[in-house]
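A.B. asks: Sequence lines, in order, name chains E and Y.
If you read the first sequence in the working numbering, its first letter stands for residue 1, the second for the next number, and so on.
If you read the second sequence in the working numbering, its first letter stands for residue 246, the second for the next number, and so on.
Calculated from the structure, these hints are not laboratory results.
C-beta: ideal position from N, C-alpha, C; glycine also.
Do not take every clue at face value.
[To be verified] Beyond 12 angstroms from chain Y on every Cβ pair, some chain E residues (computed):
#, residue
1, Arg169
2, Leu171
3, Leu198
4, Arg209
[What the hints assert, rightly or not] Label pairs and their computed distance ranges (CB to CB):
#, chain 1, residue 1, chain 2, residue 2, range
5, E, Gly6, Y, Arg258, 38 to 48 angstroms
6, E, Pro106, Y, Leu494, 29 to 39 angstroms
7, Y, Arg258, E, Gly62, 51 to 61 angstroms
8, E, Asn161, Y, Arg625, 31 to 41 angstroms
9, E, Gly6, Y, Val566, 58 to 68 angstroms
10, E, Asn36, Y, Arg265, 32 to 42 angstroms
11, E, Ala238, Y, Arg625, 36 to 46 angstroms
12, Y, Thr552, E, Ser134, 29 to 39 angstroms
13, E, Ser181, Y, Arg258, 26 to 36 angstroms
14, Y, Arg258, E, Glu118, 49 to 59 angstroms
15, E, Asn36, Y, Arg457, 14 to 24 angstroms
16, E, Asn161, Y, Leu283, 47 to 57 angstroms
[What the hints assert, rightly or not] Pulled a few chain E residues facing chain Y out of the computed Cβ check, cut under 10 angstroms:
#, residue
17, Ser21
18, Phe22
19, Leu50
Residues per chain, in single letters:
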Amino acid sequence: MIEARGLRKSFGAHRAVDDVSFIARDGEITGLLGPNGAGKTTTLRMLYTLMRPDAGAVLIDGRDALLEPLAVRRLLGVLPDSRGLYKRLTARENIQYFAALHAMAPAEARAHADALIETLGMQDIAERPTGGFSQGERVKTAIARALVHGPRNVLLDEPTNGLDVTATRSLREFLRGLRASGRCILLSTHLMQEVAALCDRIVIIANGRVVADGTADEVRKIAGEQNLEEAFVKLIGAATMGNVL
Amino acid sequence: MSPAFTVFIKECRESLRERRVLINSLLVGPLIGPVLVLVLMRLVVGREVEKAERALPVVVIGAERAPELIGALHQMGLRQLPAVSDPERAVREQRIDLALRVPPDFGAAWRSGRPAQVELIYDSSRREAQGDVERVRAMLESYSRRSSALRLLARGIAPAIATPLLVASRDAATPQARGALLFAMLPYMLVLTMFIGGLWLAIDSTAGERERLSLEPLLINPVPRDRILLGKLLATAAFSLASLTLGLLAFLWAGHFMPTEELGLSLALGPHFFAVALPMLVPLVLLIGITQILIAAFARSVREAQTYLGLAQLVPLIPSVVLSLLPVKAQLWMYAVPLLGQQLAIMRLLRAEAVPGIALGLSALMTLLAVLGVFLLARRVYNSERLAITV
Chain E
1 MIEARGLRKS FGAHRAVDDV SFIARDGEIT GLLGPNGAGK TTTLRMLYTL
51 MRPDAGAVLI DGRDALLEPL AVRRLLGVLP DSRGLYKRLT ARENIQYFAA
101 LHAMAPAEAR AHADALIETL GMQDIAERPT GGFSQGERVK TAIARALVHG
151 PRNVLLDEPT NGLDVTATRS LREFLRGLRA SGRCILLSTH LMQEVAALCD
201 RIVIIANGRV VADGTADEVR KIAGEQNLEE AFVKLIGAAT MGNVL
Chain Y
246 MSPAFTVFIK ECRESLRERR VLINSLLVGP LIGPVLVLVL MRLVVGREVE
296 KAERALPVVV IGAERAPELI GALHQMGLRQ LPAVSDPERA VREQRIDLAL
346 RVPPDFGAAW RSGRPAQVEL IYDSSRREAQ GDVERVRAML ESYSRRSSAL
396 RLLARGIAPA IATPLLVASR DAATPQARGA LLFAMLPYML VLTMFIGGLW
446 LAIDSTAGER ERLSLEPLLI NPVPRDRILL GKLLATAAFS LASLTLGLLA
496 FLWAGHFMPT EELGLSLALG PHFFAVALPM LVPLVLLIGI TQILIAAFAR
546 SVREAQTYLG LAQLVPLIPS VVLSLLPVKA QLWMYAVPLL GQQLAIMRLL
596 RAEAVPGIAL GLSALMTLLA VLGVFLLARR VYNSERLAIT V
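Kindly produce the complete structure, drawing on both the sequences and the hints.
C.D. replies: Below you can see the structure in the form of structure tokens.
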């Protein structure tokens, strides 16, 4: 379980995240939805301990990320906004490097890598240097290395960015599989369709604030709109207007 | 396996697959020093030999007034050039280097036994002409001494009477010492070799990883950042050390081709030099590596890091230049200064002089303390929030 409590973060005078609170539960896919620049990436970076919040707290499975950052990182699998691979290393070497950094023994690391390579359908590319990979192959490798230590909680920053239709579909299937195994999944996106197709709960964020939090039905009710996309536009529009005024 | 070792292994494996790294660390770095020194020595040898044997062309005005003098100068290597009308102006305008003028009353003075004057016209601000001026002056003085001895003998006086004081110059520089002077640049060449050896890894450790967007995923792993820094330092130092080892071997090999005999020098570039210099330079390898990493961590891009480090590699030139211009006597405290201490010790080794154990110990200790200091600074940069963020 991932819990954000009153998170705030400013860069100079700019308030990137302003009092964000929400909960992502186990066995659910939670979507952090918002337009570009709404504060999604900054929020996620605080959740996975890369950034320190100016105020507020992050709890992962009940453990405080500010007090125990290393322990919390072991509980998390993260696909960050930056997903660069080491292009002189093969996909397997990329994955096993992160396994070793998680203090896994070589045999265990290899077994975990094998399992992920199979699940993600990477058998053909596992032993190739990642330098020549397509966008889809790179994302698969980045996901495999993020999950090699078998984390209970999975954070993904715009996971389908730059993927074609087939790759997007297989990624969604993979995430549903993770949900079925009882994991807590939190992903950020600026795409309405993504949320509608995948998420159990939606947290809409605009100008660094949470403007709606609930299931698709609840979000529609809050906005007073029948169509989810209309609801989204209305909610973020209201937040933007409020900021301008 | 400790995380620092994991990072070390990965950095080495990745770098060994990068052709740029192999060329720089294992080819350019090791060869740059020996090749530069060889070329430099060949040039110096060529010029020295040429200078000493070459005929010296000098404009002579009024040569007909002193045929005997001019004849003697010819024998000593002077080549007479035709007179010019205004030698002072010609020298000032740099049309000629120097001129020798025999005044009209020379003959009369010479015959009557009074000091006969000749004039040497030159521009003392032109350094490249100094050597020629000195040669002509020495020829004239030698002729003067010879003539005075002959005159004294003609009057039945022993010439020794007119030489109450005889200054004998004995050059105390051993052949090895003269070689080391020429070699004042060699320590810097070794520093440059270490610098080039670890350059790519140091840049890649932060600026490179950030540019390729792999730094953020790396730092999300449950590993304290100073362990990652340590692993990267060890990998940088390993390549730097490999470069240095090959560089030292290249120097030993190049020693056979160095024209040391033509210059009357010998340099102690033997196995002993290798065996002492290599372990002595290991702390410096670490210091250079961590400094490179620190500097590169400030840069926002690989290109910027290359610019900073390009400037930084000129800094070790300072002690080299100072030592070659002001050949100071090595004091013990100088060995406590990282970089300076190692340079002094290398120059002593080249002269086949022993370096005191206490000096070596002091140098190693202070350099390792400096490594620790820079490491702590680099750790602060690594722990800053902005390090991983690509804006």
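A.B. asks: Which of the listed hints are broken here?
C.D. replies: Hints 7, 14, 17, 18 are the ones this structure does not satisfy, whereas the remaining hints hold.
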